[in-house]
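One letter stands for each residue in the lines below.
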Amino acid sequence: MENQALPQSLLKLDNVTKVFLTDEVETHALSGIHLEITKGEYVAIAGPSGCGKSTLLSILGLLDTPTDGTYTLNGRPVQGLTPADRARIRNREIGFIFQSFNLIGDLTVYENVELPLTYRGMPAAERKARVEESLEKVGMGHRAKHVPSQLSGGQQQRVAVARALAGNPAVLLADEPTGNLDSKNGDAVMDLLQSLHRTGSTIIMVTHDARFARHADRTVHLFDGQVVEESAAPKD
Amino acid sequence: MRQAIRQLLKSPGFTIVSLVTLAFGIGLNANAFSVLNRLLLQSLPFRDPGSIVMVWGDTSKDQEVGQSPGDYIDERDQNTVFEGLAAYYINNTSSLVDQGKVAERATVLECTSNFLPVLGISPVLGRGFTSDEQARQEPVVLLSNRYWQKNFAGDPHVLGRALRLKGASVTIIGVAPRELDDPERWGRLDLVHLDPVEVNRGYRDGTWYNVVGRLKPGVTRAQAQAEMGAIARKLAHDYPKTNAERSLRVAPFLTDSEGDIGHAIIWMIMDLALAVLMIACVNLANLQLVRMTARSREIAIRLALGSSRLRVMGMLLSESILLSLCGGALGLLFAKWANDYVGAYFNLPVPLDYRVLAFAFVASAATGAVFGTVPAWIASRADVNATLKQGGRGASAGGSRNRLRQVLIVAQLAIALVLLTGAGYFIRGIHRIMNHEMGWDPDHLTMGEIELPNAKYGERGDKRTLVFAEKLISGLRHLPGVQDAAISTGTPIGTVPAGDPFAVEGRPAPAKGAEPLAYTNRVTPGFFATHGMHVLRGRDFAISDRPGAPNVAIVSKSLAEKFWPGEDPIGKRIGGTDPVKPDWSEVVGVVNDVVGSIRIARYETPYQIYRPWFQDTFRFLIFSVRTGADPHSVVEGARKALADVEPDIAATILAPARDTMEDNMSGIVLVQRMLDVMALLGLLLSTIGIYGVVANVATERTQEIGVRMALGAGSADVQWLFMRSGIILAVLGSGIGLLASVGLVMALDRLVQIVPGNDPWVIAGVGVMLAVIALLACWIPAWRATKVDPTVSLRAE
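Taken in order, these protein sequences are the chains called A and B. Heads up: the first sequence begins at 0 in numbering that gives the first Met the number 0, then just goes up one per residue. Heads up: the second sequence begins at 0 in numbering that gives the first Met the number 0, then just goes up one per residue.
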């Protein structure tokens with residue numbers, strides 16, 4: 000975001016493989032993935048169900064580790080980090096947006112957005128400023144005291160976006176962010192991501208909807224755990 | 000019902016845990032109820048028991064005083080309200096000799112000839128006593144049924160046979176009915192002996208008789224009371240010295256022999272057992288709530304298909320009740336084992352009779368209803384639409400369900416803490432009793448009690464007793480390994496009573512009622528060494544301190560320091576409080592203070608006075624032997640030494656002092672053991688309970704854990720999330736439990752004064768222990784929560 004003039008590699012996967020072992024059967028979820036994403040880029044990962052999209056996103060989000068290959072985030076290899084280090088990097092450099100929002104029902108909107116900042120040990124005053132700023136950014140400042148069950152699906156997803164943004168992460172990972180929304184709310188969320196992208200956010204979005212994939216600068220097509228095609232989105 | 004069985008078989012883990020919980024909970028209660036039933040609820044096994052009453056002496060200090068022989072005879076002869084009025088007492092210091100056998104201690108019911116008719120029972124063999132026999136003071140006895148079976152194998156030819164009782168020959172004229180084989184009421188009775196009450200017709204000072212009467216038909220207890228009141232007033236008028244402040248009270252015949260303290264302790268045990276059952280109910284309710292969560296979709300489908308909420312509740316309740324009845328059946332097995340243990344401990348059968356079975360059935364059904372109703376009600380209130388929309392994952396617990404579970408856990412922890420405090424109280428108290436500094440050494444000390452027969456040795460100051468004692472001491476001192484032996488009238492085992500008022504020569508006489516009190520013991524030379532005491536000044540008694548020699552005394556250190564501060568007490572004189580006849584004794588020595596093995600503050604006095612036993616012999620005596628070896632090793636030798644001197648006499652108690660101290664505590668030790676079991680069960684169930692709740696909450700929040708981890712939560716963050724809720728529950732439960740525990744300790748202080756168990760450190764200790772265990776129970780599921788794989792939990796969405 001700071002230096003948009005010169006495209007700079009933010010994350011890079013080299014020959015990443017993910018193999019699951021169940022009942023002595025090897026399932027190759029990902030095979031030989033090469034992927035490089037630069038700062039400020041908006042990338043869609045598309046493909047049919049079971050093609051490895053979510054596994055790829057989990058590896059990118061440091062929720063899972065590759066079986067083989069290297070993953071470099073912000074110039075630092077991260078595939079061999081301890082769980083505690085991975086948690087710290089997730090907290091500081093990655094923002095997640097889930098298909099079913101995953102807001103915590105017992106917490107208010109404000110507390111949900113504040114949660115990753117709390118884990119960071121940020122002072123309360125700074126947290127407050129960040130939370131309010133994030134909520135304003137997604138147009139949910141007036142709902143800070145509500146609990147998730149009092150919001151519509153679209154509003155919940157906007158709060159989830161605010162939560163992802165609050166920590167000012169290096170990259171936003173969105174997993175089917177419109178999957179649980181009607182078309183109107185889906186469009187609104189996509190517009191929100193688009194506007195974030197325009198202000199410099201790096202976004203990686205998993206989707207199986209070609210209509211939404213078109214919002215991204217580039218679409219990576221996965222099939223049977225392999226990148227089968229990369230395409231730049233047609234610009235309006 | 001088939002469906003209920005199928006559901007329970009489908010969840011074997013839940014079913015087994017529930018059954019074990021129920022078995023312990025209901026079993027413990029059935030055991031406690033069995034004891035209560037055996038000791039307090041049995042009806043009297045006598046004809047028309049409502050007509051049987053006790054006639055007690057009634058003073059301002061005690062409403063259940065025994066009666067003197069003179070008073071009893073007057074009441075018997077003057078009343079018009081009783082069919083019969085009998086007197087009796089239990090004597091368990093008698094020596095009994097069967098031909099060709101060694102003397103043994105016997106428990107004898109001494110009674111008037113009309114005792115059996117008043118109770119409405121008859122001998123099973125031979126005949127009862129007659130009034131003629133009583134008038135002639137015939138030496139006749141009935142064998143107790145138990146003694147007859149045990150010693151004569153139920154031989155019907157036993158009638159007419161002679162035994163030696165207390166050194167005199169007695170003739171067996173019958174066998175008493177089984178109704179008198181009730182150790183709780185009569186002790187372990189061996190004989191029923193016709194008491195020569197008429198011998199003491201004029202005696203009104205001693206009140207050792209219990210008086211029992213059978214009301215005439217149509218006479219009420221109030222009418223009897225009115226007449227006995229009038230007789231009491233006449234006695235007070237005729238014998239003002241002994242009877243002026245003594246009235247008579249007609250009371251129902253005792254249905255048990257436990258006394259107020261026994262009643263209170265037995266009910267306390269029952270209450271605490273119910274508390275354990277409550278903990279079990281709480282656990283089961285929690286398990287059911289968890290199960291309801293897992294079955295919420297099934298329940299929603301049933302409701303969607305048109306089942307009424309009542310029907311769903313009924314279905315769920317029938318499962319709970321079936322489960323609790325099965326648990327109750329297992330509990331009875333546990334109760335049977337526990338009853339056998341208690342029975343063996345007290346040598347008293349504690350049966351699982353119809354009352355206990357009915358109690359267990361009601362307790363089981365009620366338990367099932369209690370732990371099943373609320374979860375079933377909550378489950379039947381499910382939002383069908385919302386639950387079905389959540390698909391097959393099962394709904395997460397609703398707020399009301401979680402709050403209820405938390406309230407239940409807090410209650411459970413509080414009850415567990417109360418139980419632990421109760422157990423801790425007794426453990427601490429018994430430890431203090433067995434280990435407090437007493438000023439005498441019960442180790443390597445063996446003691447025996449003897450009652451010499453009045454006919455052969457007289458009552459007091461008889462020279463024959465003196466000769467007996469000298470021979471016995473000599474025989475004891477010659478036993479291998481014996482260091483010293485002595486005879487005394489008292490022993491510091493048990494409580495050291497406050498004793499008698501005394502006066503100090505040269506000091507103004509205190510006002511009546513304000514005299515100092517001292518525990519007085521008559522001892523032979525060597526008593527102090529035998530008891531491990533120390534003569535601090537002056538000398539021990541000598542063999543020359545005999546009748547005719549100057550009266551001498553040895554006093555305790557506290558007495559000497561109090562009454563002769565800064566002075567040498569040797570040569571000073573103490574005596575009785577009668578100014579006309581003080582009977583001064585010269586102080587020849589000072590010994591260390593002693594306290595009893597059981598201490599009751601309000602009865603204690605720091606002062607003790609010792610006098611030479613040889614100067615005032617008494618036919619009730621205690622011998623003591625100190626050995627360098629195991630004190631058990633001299634028991635048989637002591638028995639033989641006694642038999643060598645007097646073959647007709649058996650020692651009432653002959654055992655190492657430590658064993659006797661422990662025997663004295665046996666009831667308390669049993670209470671402690673029962674509380675230990677309850678406390679451990681309570682602790683175990685509470686631990687399982689809090690573990691289950693936290694583990695279940697962690698399972699329900701797996702997806703949330705994944706989200707939090709995705710947002711950057713570390714292991715410590717996730718662990719703290721669950722520990723925090725556990726800590727809140729533990730602190731709340733411990734806090735409420737501590738308050739209740741303080742109440743329990745205050746109640747126990749009043750109830751069992753002989754057990755000095757009040758120790759704030761014990762309450763604090765068990766509080767901390769419970770909190771630590773509760774936190775450990777939270778920590779394990781919290782730690783497991785940190786092992787959640789966020790990709791798996793998020794994929795579940």
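No lab work stands behind these hints, which were simulated from the structure alone. One or more of the hints may lead you astray.
To be verified - Under 7 Å between C-beta atoms, here's a sample of chain A residues computed to sit facing chain B: (1) Ser57; (2) Asp63; (3) Ala83; (4) Phe95; (5) Asn101; (6) Ile103; (7) Leu106; (8) Tyr118; (9) Lys144.
The model shown is predicted, which means the values in this text are computed figures rather than measured ones. Glycine included, every Cβ here is placed at the ideal spot set by N, Cα and C.
Hints, verified against the model:
1. Ser57: holds, 5 Å
2. Asp63: holds, 5 Å
3. Ala83: holds, 5 Å
4. Phe95: holds, 5 Å
5. Asn101: holds, 4 Å
6. Ile103: holds, 6 Å
7. Leu106: Violated. Min distance 10 Å.
8. Tyr118: holds, 5 Å
9. Lys144: Check failed: Cβ of Lys144(A) comes no nearer than 18 Å to chain B, outside 7 Å.
The structure fails hints 7 and 9 (numbered hints given earlier, in ascending order).
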